[in-house]
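S.K.: Take a look at the letters that make up each chain.
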Amino acid sequence: MTTETAFGQLDAAPPSRWRSLVTQETIATTVASLVVGAAVILPLIALVFNSFLVLDSSGFGTEWGLKNYRVMFQDRIIRKAFVNTLLISTGATLLATFLGVSLAWINARTNCPGRERLEPFNLIPFFLSPFVGAIAWHNLAAPKTGLLNVWAQDLFGLERHILNVDNIYGVIWVTGIFFTPLVYLFVVGSLRRMDPSLEDSARTTGAGLLRTTLTVTLPLVTPGILSGAIIVFVTSAGEFGVPFKLGAPYGWETLTTQIFTKAVGDDANHYLGASMSMTLGAITGFFIWLQQRIIAPREYTTVTGKGFRPNLIDLGRWRWAAFAYNLAYILIAVLLPLACLIVVSVHPVWEGRIILADLTTWNYQKVLFFWSPERIDSATNGILNSFILAFAGASIAMVLAIVVSYMIHRTKGFGARLLDFLCVVPIGFPGIVLAMGVLVTYIRTPIYATLWILLLGYITRFFPYGQRNVASIMLAVSEELDQSSRMAGASWLTTLRRITIPLLKPGIFAGWILLFVIFLRELSISIILYSTGTETLSVGVYYLSNYENEPLTAALAVAQSVVLLLCVYIFRRIAGREALTA
Amino acid sequence: MDRTDSAPRYLEVNGLVKYFGNDRAVDGISFGVDKGKFLTLLGPSGCGKTTTLMCIAGLHKPDAGEIGVGGTPFTSVAGRVFLPPERRDIGMVFQSYAIWPHMTVTQNVAYPLEIRKMDKAETGERVAEALRLVGLSDMAGKLATQLSGGQQQRAALARAIVFRPRLLLFDEPLSNLDLKLREQMRVELKRIQHEVGITSVYVTHDQAEALVMSDEIIVMSKGRIQQRGGPHDIYARPANRYVSNFIGVANLIEGRIARVSGPGRGEIEVSQGGQRVLLPCVLGEGLSDGSPAVLSVRPENVEALRDPDGGGPRLEGEVLQTIFLGNCLDCRVRWGDFEFKVLAPSRDRLRPGERVYLRLDPEHTLAVQP
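Chains H and X supply the protein sequences, listed in that same order.
Per the working numbering, residue 1 is the first one in the first sequence, and the count goes up by one each step.
Per the working numbering, residue 583 is the first one in the second sequence, and the count goes up by one each step.
Derived by calculation from the structure, the hints in this document are not laboratory data.
Check each hint, because a few of them may be wrong.
Unchecked claim - Reference excerpt, derived from the structure (chain X facing chain H, CB under 10 Å, subset only):
#1 Ala639
#2 Leu641
#3 Pro666
#4 Arg670
#5 Asp671
#6 Ile672
#7 Pro683
#8 His684
#9 Pro694
#10 Arg698
#11 Phe745
Every value quoted in this text rests on a predicted model; they were computed, and no experiment measured them.
Think of the CB as a built atom: it goes at the ideal place given N, C-alpha and C, for glycine as much as any other residue.
Just need the whole structure built from these sequences, with the hints factored in.
M.R.: Structure (structure tokens):
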């Protein structure tokens with residue numbers, strides 16, 4: 001065999017070495033990784049820097065130092081907020097895990113009547129705004145104006161209220177019931193697709209049903225339960241709306257409500273806000289790392305792709321108890337809050353009593369009719385802005401998600417691993433933390449106080465959710481389908497357009513509508529980044545709750561919930577129920 | 583056994599190296615295929631055969647080496663040439679068939695022609711011809727998802743040949759089919775390839791497939807070529823222990839060349855559990871007097887006789903087990919510590935425990951490199 005080149009014309013016309021590097025594929029993927037890298041990394045770097053900048057006594061200049069961190073641990077209010085955050089997250093996690101696992105087990109593995117019809121309702125809180133839930137529960141169970149309290153007083157002739165959600169327990173209660181679907185979704189998939197032979201073999205050893213459930217079934221889904229619990233813990237720690245409505249006004253501050261006051265309040269101090277964000281981000285980041293690296297890889301693969309039906313457990317008479325339990329959850333998490341909001345929204349003022357003679361649609365006219373001179377700008381602007389942001393944000397994020405998923409799962413090497421990591425980072429940081437980072441990064445640029453900065457914040461924080469939807473389908477679609485198009489003579493871009501994207505359509509659509517829903521109800525990023533004129537829907541609700549009255553707040557909250565439920569309905573019709581539980 | 587390459591062959595692969603991490607998946611292999619021939623890369627999973635194929639296709643970039651077809655360079659690492667896969671004009675059939683589920687059979691097969699902007703009339707003709715060739719004419723309007731595995735396989739083949747590519751690549755295309763269909767498709771694939779006359783490279787781990795279909799076989803292991811040759815050569819004259827073990831069934835005993843008696847002939851000395859014998863054999867490449875070697879003899883070339891006497895040495899042993907296969911008996915015979923696999927005629931009616939004398943056919947007893 002000769003060692004010299006086998007092809008004569010090679011020396012005659014040496015092709016440019018750069019030509020082979022500049023392909024559609026490399027251009028698109030390089031641009032996408034630079035965009036993702038900059039969007040994710042810049043705010044975090046800015047946050048770290050700003051947390052070490054200390055405002056001097058004049059309030060204008062800054063110097064380097066650790067004083068922000070010292071203040072944080074010396075300030076009585078911030079220290080208490082820190083403790084409250086941990087208490088709320090722990091309590092909400094316990095509540096949500098208990099409810100989520102029990103509901104998932106009832107729906108997936110027992111003969112509870114109507115379980116297939118109940119499941120979509122169990123998931124509804126996932127799509128609604130917890131902030132709206134807090135408003136609703138405030139109107140249900142505030143000491144003086146709570147509908148339930150007033151009813152109880154009238155019915156039993158009580159002097160005092162029986163329920164009070166305007167405290168840390170109320171925050172835990174609302175957060176817990178609203179984040180229950182997160183645990184549910186983590187657990188129900190593996191419960192549903194568990195190989196029945198795993199349980200059957202336990203039964204053949206003589207273990208009873210209950211024993212099998214406790215010793216085989218639940219341990220097998222433990223990693224799923226842990227993952228769900230951690231996500232709830234992290235999401236609760238970053239939740240702003242619920243403690244803002246039920247905690248802060250009554251002396252129960254949390255880290256998020258404190259960050260908020262440092263970002264926009266009268267004594268705004270971005271640097272102190274940055275260091276509080278850093279602390280919160282460090283905690284949540286650690287837990288997400290734990291979940292992603294330690295727990296998620298241990299989720300036992302009980303899926304064998306054989307499409308079997310798991311055994312259903314016959315609960316006997318108890319199945320009606322399970323049914324009642326399931327219904328009770330839907331009542332407290334969906335029906336009562338929504339019904340209460342509707343009731344409140346048609347009263348001119350709300351004092352805890354339904355007064356049929358006073359019913360009015362005036363509140364809706366003020367918050368919805370943007371042509372009316374009586375409109376409240378924060379609300380009507382918010383609706384328009386939120387639709388713009390949700391539509392544009394979901395679309396841009398999904399384009400990014402497609403290219404990034406393609407890079408991660410279709411190209412190998414360092415770039416792919418780095419991008420994979422960058423897609424997890426935003427999940428580790430609560431919206432309010434990331435928003436703080438975006439704020440300090442772009443405060444001196446022209447995008448500050450425009451919709452663009454909100455768009456940037458939304459996409460950075462949430463595009464990983466869209467990316468996961470695309471990636472899960474991309475993993476199921478064989479790479480050979482793409483490769484065979486290249487072999488047939490199609491370029492990378494043609495292959496993407498004619499083969500890859502059509503095959504990913506269900507994932508792209510599911511991701512788009514999920515992001516659309518998330519963006520329509522987004523509060524904790526918007527509350528940091530909005531300014532007059534760029535309010536969003538949830539900011540509108542916040543504004544009404546803070547500066548107007550409960551009926552107006554309830555009216556906008558009802559409008560928001562109706563839109564969200566409509567999206568969920570479309571989502572389920574088109575994407576199917578597996579799209580969510582997969 | 584290697585043919586000396588003077589004239590360049592149609593497909594040329596030269597010094598191909600591909601790393602995965604620190605793993606040398608393909609370790610400097612070179613081979614060629616003549617126009618219209620059918621070459622098979624055969625080896626266990628992880629031997630580098632699919633990686634080699636992917637490099638030819640342009641779906642992997644090699645770390646060193648050159649690939650060219652018909653004088654056109656496709657890849658040359660030293661010359662910084664890399665033709666993207668879509669410009670190589672290669673038809674490929676994938677392991678999963680990769681029939682696009684969102685298109686009909688006709689749309690799938692017409693896709694390469696559409697990409698090449700062929701006019702409608704000719705596209706229709708070509709697609710119909712390709713579908714007829716693979717026997718799918720009735721299925722033209724069906725969605726890909728409505729096809730069975732075997733039909734998807736045929737559609738994938740039609741799509742790969744419809745644009746009359748310069749080269750046809752097959753990546754274990756039959757491995758997802760059940761046994762019966764697989765045996766039928768072997769013959770069918772070979773017929774179609776013969777009919778269209780496109781030079782083909784076929785990757786498989788199934789030795790039977792390789793023997794049935796190929797003009798030439800390359801046996802690979804750990805990224806290197808172990809042997810290349812026609813199916814008959816590979817089966818009858820394995821170059822080393824690895825190949826004789828991988829292709830078919832063979833009795834392999836470690837030994838030493840005792841004597842070289844003539845060109846390609848000699849005697850091998852083997853010993854097992856106190857038994858020691860000199861056996862006349864055919865000498866493989868690179869073996870000389872005294873060099874360590876492995877005796878390789880296939881079960882059908884061993885006779886189990888009840889009579890101890892006769893021409894040539896006989897190995898005395900005990901029948902351990904017999905399995906009735908209809909036309910013959912699959913026997914295990916112990917000689918020393920070694921268990922011989924022997925195919926004996928059924929009429930011999932050998933029984934476990936019986937004393938027999940093994941005669942190894944000297945024409946088919948090989949000494950190969952260890």
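S.K.: Evaluate each hint against the coordinates.
M.R.: Going through the hints against the structure:
Interface hint status for X:Ala639: upheld, as the beta-carbon distance to the closest one in chain H is roughly 6 Å, under 10 Å. Among the interface hints, the one on X:Leu641 holds; its C-beta lies about 5 Å from the nearest C-beta in chain H, closer than the 10 Å criterion. At a threshold of 10 Å, the smallest CB-CB gap from X:Pro666 to chain H is about 7 Å, leaving the interface hint in force. With a least beta-carbon distance of about 8 Å to chain H, the hint placing X:Arg670 at the interface is held under the 10 Å criterion.
Because the beta carbon of X:Asp671 sits about 7 Å from the nearest beta carbon in chain H, less than 10 Å, this interface hint is met. This hint holds: X:Ile672 has a C-beta 6 Å from the nearest C-beta of chain H, less than the 10 Å allowed. Annotation: interface hint on X:Pro683 holds; nearest CB of chain H at approximately 7 Å, less than 10 Å. A cut of 10 Å between beta carbons decides the hint on X:His684: the least distance to chain H is about 5 Å, and the hint holds.
Checking X:Pro694 against chain H by beta carbon gives a least distance of about 4 Å; that is within 10 Å, so the hint holds. A least Cβ separation of about 6 Å between X:Arg698 and chain H falls short of the 10 Å threshold, and the interface hint therefore holds. The criterion of a C-beta within 10 Å of any C-beta in chain H is met by X:Phe745, whose closest approach is roughly 7 Å, and the hint holds.
In the structure shown, no violation is registered for any of the earlier numbered hints.
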